[in-house]
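Residue numbers (the working numbering), protein chains in the order written: chain A, 424 to 608; chain B, 3 to 205.
Calculated from the structure, these hints are not laboratory results. Predicted, not measured: the structure shown is a model, and the values here were computed from it. Hints are not guaranteed to be accurate.
[Claimed, not checked] Computed list of lysine-lysine pairs in DSS-like fashion (alpha-carbon distance at most 30 Å, straight line): (1) A/K570 <-> B/K138; (2) B/K138 <-> B/K22; (3) B/K161 <-> B/K138; (4) A/K514 <-> A/K466; (5) B/K6 <-> B/K34; (6) B/K127 <-> B/K22; (7) A/K466 <-> B/K162; (8) A/K466 <-> A/K520; (9) A/K570 <-> B/K22; (10) B/K6 <-> B/K138; (11) B/K34 <-> B/K162; (12) A/K514 <-> A/K460; (13) B/K34 <-> A/K570; (14) A/K460 <-> A/K520; (15) A/K570 <-> B/K6; (16) B/K91 <-> B/K131; (17) B/K22 <-> B/K34; (18) B/K131 <-> B/K6; (19) B/K161 <-> B/K91; (20) B/K22 <-> B/K131; (21) B/K91 <-> B/K127; (22) B/K34 <-> B/K161; (23) A/K514 <-> B/K138; (24) B/K138 <-> B/K34; (25) B/K34 <-> A/K466; (26) A/K514 <-> B/K127; (27) A/K514 <-> A/K570; (28) B/K127 <-> A/K520; (29) A/K514 <-> B/K6; (30) B/K127 <-> B/K162.
[Said to hold, decoys possible] Chain B is faced by these chain A residues, among others (derived, beta-carbon under 7 Å): (31) I493; (32) F537; (33) C558; (34) R560; (35) I568.
[Stated by the list, open to error] Have a look at the derived ranges for each label pair, beta carbon to beta carbon: (36) A/P455 <-> B/D65: 42 to 52 Å; (37) B/A157 <-> A/N501: 40 to 50 Å; (38) B/L26 <-> A/R434: 30 to 40 Å; (39) A/P436 <-> B/S17: 28 to 38 Å; (40) B/G39 <-> A/Q492: 45 to 55 Å.
By construction, the Cβ of each residue, glycine as well, lies at the ideal position given by its N, Cα and C atoms.
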Amino acid sequence: MSNPLQDFFGRIPLFSGLTPDELTELIRAIQPTQLSKGQFLFKEGDPGDAAYVVERGELEVFLDRPEGQIQLAVLGANAVIGEITLIDGRKRTASVKAIDDVSLFRLDQQEFSFLRRNLRPAAFKVLRGIAHTVCDRLRETNDLISKTLSEEIQQPKLREEKVEETESEKPKQGILDRLAFWRTS
Amino acid sequence: MNPKPTLLAHVPLFSELAPKELELLSHHLVMKELLAGQVIFRQGEAASSCFIVLDGEIGVYLDDAEDTEAVAILEDGALVGQMALIDGKRRSATCRVISTTVHVIELRRDDFERLITAQTPFAYKILDKLVVDLVKRLRQTNERLVDARREQNHAAMQKKTREAAARLVGGPKDRTDLDDLDPDSIQVFIPSLEQRMRDRRNK
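If we strip away everything but chain B, and leave its shape as in the complex, we get (with noise of 0.2 Å):
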């Protein structure tokens, strides 16, 4: 079922297209329903087309594990595999449907090929918020990368700090003993260390 150009009128990617554009635009999407725990797309998989969320949430997740965190949450507006319209490689991540229901529009990859070799006035804005919404969701990922090695340092800090305590208080050389060890209580007894493990923390 095409949406309605009314209902366009409200998604960000289509915000610069005048009315008569939109109309032109809606025969070449469709718009879905989904449920629950759908699987969108895996990680891996070829790509065909884009979503853009209308109403409802969509997790990302880096692998495939069904308890593993969604490193982002996609909401109303928000665009689902848009790479796919640019380069068309194999999707980079999962999305699955975390609210009970989730509707969305497809474009087709083969479908924006087409307007963009036409070059067509309203394919060229389309692409251009296209471009503006991946380069702000690569800084985004950047920051997430940061995010996620401090995280590894951190807790590779803990670890070494229980295991360097236990040799300077001269306690057991048990592994089991040394996780009850808690880094933070540490610092009262060896301040030079606590004062390292600080110095990493504030960089």
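Here chain A stands alone, though its shape is the one from the complex (with noise of 0.2 Å):
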């Protein structure tokens, strides 16, 4: 007997470790959800309650600042938004909006902090998945302090250099940090 939410969710990373029984817990704690184009998910500030899982349709992650509008990825089905979330409960880094039509699953963090509480092996093993998210960003994140600081160190250039340059150069660096901060949600 083929179940479509345990197909779904069996092809995501983060699940597909989890047995059918585990799979059915687990999706006692979430709730399918949708919006249409232009409507947001959630906003840079809000508070962390839940992550995603996108099942059809496209959203944009993005900064508004006084300079302008930041963006900083696309998403589409299968992603995973704001699962570290689901560990620390922080504000949103980001501002996610649907581009088009969207649908997609929610798992709310309080459900799912009782899950782990209560060691329930599907809790367990998301847990584990979202610990492999973590070091792949840990080990990312350290490697761009380590280009940053190796080019401090470097002789400067001597040649003339005009001062417009700096303001190129400066939305991509700190898009970086952006980026950086974006990806910890």
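Two chains, two frames, some hints: make the complex.
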């Protein structure tokens, strides 16, 4: 007997190690939800109260700044959003908005915490998946720090540089800072 | 030597474990003493253990030069090299003893894997604490990246200010004279440039 919900979640890496029974238990903590084009999933600064998995449609991740909107990413089917807030419930570090009609699944942070506290194997396995993601991002960020530090040590180039060059350099580095921040959400 | 269960009760990573669980766990752990300057592991090495600091200080370094600053200092209760327990990839930093002595507890990756596969409740409790710690570490590391980038921007800005000021003032083209110009002193003479500097710093 095929269960479309089980099939869908079984394809997401974060949930792929779960047995059918464990998936069933987790799915009880999950709610389907829809957004129409232009609707916000959440805004930067909102409480981090859930993680989401995209079933269909596309969303953009961006920051609103005085100098304009900075787009960080576009997410589509099977993308997981905000899984780290399941652990620390921090405020959203970027805004996410539907680019077209979107259907997704919402995993509530409190419901997930309940499963964790009760030592449920389903939560255990998802926890391991989140741990892997966090390690990958820690490594990336450490790498970026290394690169930044080694740039500082380099000798300055001995040629005339226009002040205007800094104007075009700055946004790229700013985006890296913000991208690093967003990837913790 | 296995650490005493009573000692383990004070370690934050094991704070959710019952006395009987601590007793079981202690058989999987080894206590070690390390001396000043001792390298626990180097960036790029294969990783097989996690360490927990009982006392003393360990410095974390992102390249191997002896005189670079530590990016973090780890003290009592801190985890060292815990990513080895999750993904077993190569060490992402170098860790070295900076106090006179350090006492650590070592948890090997293969032991932890066995406990996890058996889905023992106390392994779950340890993993939970581990993930919480990793997420905190990620947030801190991101802030460090932002600081590093700001420092770099500021240094680049100072250099360009000196050069621009020298051109405006009609000063020497020689690089060594430019180095004597203090960007902050330029504010007095070139208000528009100073204002732009202030705007960038206040971002």
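Can you list which hints this structure breaks, lowest number first?
-> Those not satisfied are hints 3, 7, 9, 11, 13, 15, 19, 22, 25, 28, 29, 30, 31, 32.
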